[in-house]
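Chemist: Residue strings, one per chain:
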Amino acid sequence: MRIDCKHVWEYISAYIDGEVDAELRAHIDKHLETCEICSAVLDSTRNVVVLVADGRVFELPAGFSQRLHERIDQELKAETG
Amino acid sequence: MNLSNPEFEAECIQRILAGEKQLFHELIRPCERSIFFLLLSLLGNETDAEDAAQETVIKVYLNLRLFRGESQFKTWVLSIARNEGLGRLRKVNSRREDSLDAETDETTGDYTPAILTSWREIPLEELERKELGEILRAAIDSLPAIYRNVVLLRDIEEMDVRETAQALRITEGAVKVRLHRARALLQKSLAPKLKGFVPKRKGLFGWGL
Ligand SMILES: [Zn+2]
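Protein sequence lines correspond, in order, to chains A and B.
Each residue of the first sequence is one higher than the last, beginning at 29 in my numbering.
Each residue of the second sequence is one higher than the last, beginning at 5 in my numbering.
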């Protein structure tokens, strides 16, 4: 089986997550060795996944947690009373 | 991060139901972030998301005895958050035009990635963290909602495929298809803007290899 670029793009997400089987992985790896374009697409997609996962990029609004727990306290008190 | 601990949760719930109500603070703490970001992805603004997050947490508390331990606690909590978010969206008669409940996914179809070999080759100076955050948020916000939710839970909150499927009430297959599609769209919109920003490599490229 020879795979082309479009084929590789189709499996990039699964490849990044380690969810392609060994045979397909070997085919993709082989393709990547010689295809500069697919290697770049893989790297940039992986960069996107890494950046998106960076907790510092997505921060809770200031005071969110404090306000939430105050609200919980209100509820707990209301229930008791 | 997904630091759930089923034994701690089960014990906590028992004790809360038996009267140690203050423990609810500790039970819900590990879920706060995910609740907020799931709601933000549904509602599109921080004020509404925070309001809905508070409502969600109160509903979790009031319905705690209904949790049966069949799914992870966090998954259960997120499905309550999702219902809260969807309920609000229906009320404001769908500000977003994409269908949140769409059961059919378009196939991954043909897509042409942004072809930018330079992104990995030229380590330019980092963008300001804040600027980077804005670019990423804008890109994720511009995704259709069905993709945005999946990215949020899988890639931002790092839940696994099964948990994501349970929280969103879709199949695991749909999670994978949507995730693939979403990442492809993000790669296409972000790669040209982030050219030169390379995440610090240490520990980041080890997985799946
Ligand atoms: Zn190729």
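Calculated directly from the structure, the hints in this document are not laboratory data.
Heads up, a few of these hints could be off.
With the C-beta cut set under 8 angstroms, the calculated list includes, among others, these residues of chain B facing chain A [stated by the list, open to error]: (1) His29; (2) Glu50; (3) Leu93; (4) Leu136; (5) Leu140; (6) Lys197.
We put the CB at the ideal spot given by N, CA and C, even for glycine.
Chemist: Against chain A, with CB atoms and a cut of 8 angstroms, does the hint on Glu50 of chain B hold up?
Modeler: Hint on Glu50 of chain B: holds, closest Cβ of chain A at ~5 angstroms, below 8 angstroms.
Chemist: Mind checking the CB of Leu140 of chain B against every CB in chain A and telling me if the closest is under 8 angstroms?
Modeler: Nearest chain A Cβ about 5 angstroms off; hint holds.
Chemist: Quick check on Leu93 of chain B please, does its C-beta sit within 8 angstroms of some C-beta on chain A?
Modeler: It is violated, given that the least Cβ distance between Leu93 of chain B and chain A is near 20 angstroms, above 8 angstroms.
Chemist: Hey, does the Leu136 of chain B contact hint survive, CB to chain A under 8 angstroms?
Modeler: holds, 6 angstroms
Chemist: Against chain A, run the beta carbon of Lys197 of chain B and see if the smallest gap drops under 8 angstroms.
Modeler: violated, 11 angstroms
Chemist: Quick check on the hint: His29 of chain B CB to chain A CB, less than 8 angstroms?
Modeler: holds, 6 angstroms
Of the hints listed earlier, those the structure fails to meet are numbers 3 and 6, in rising order.
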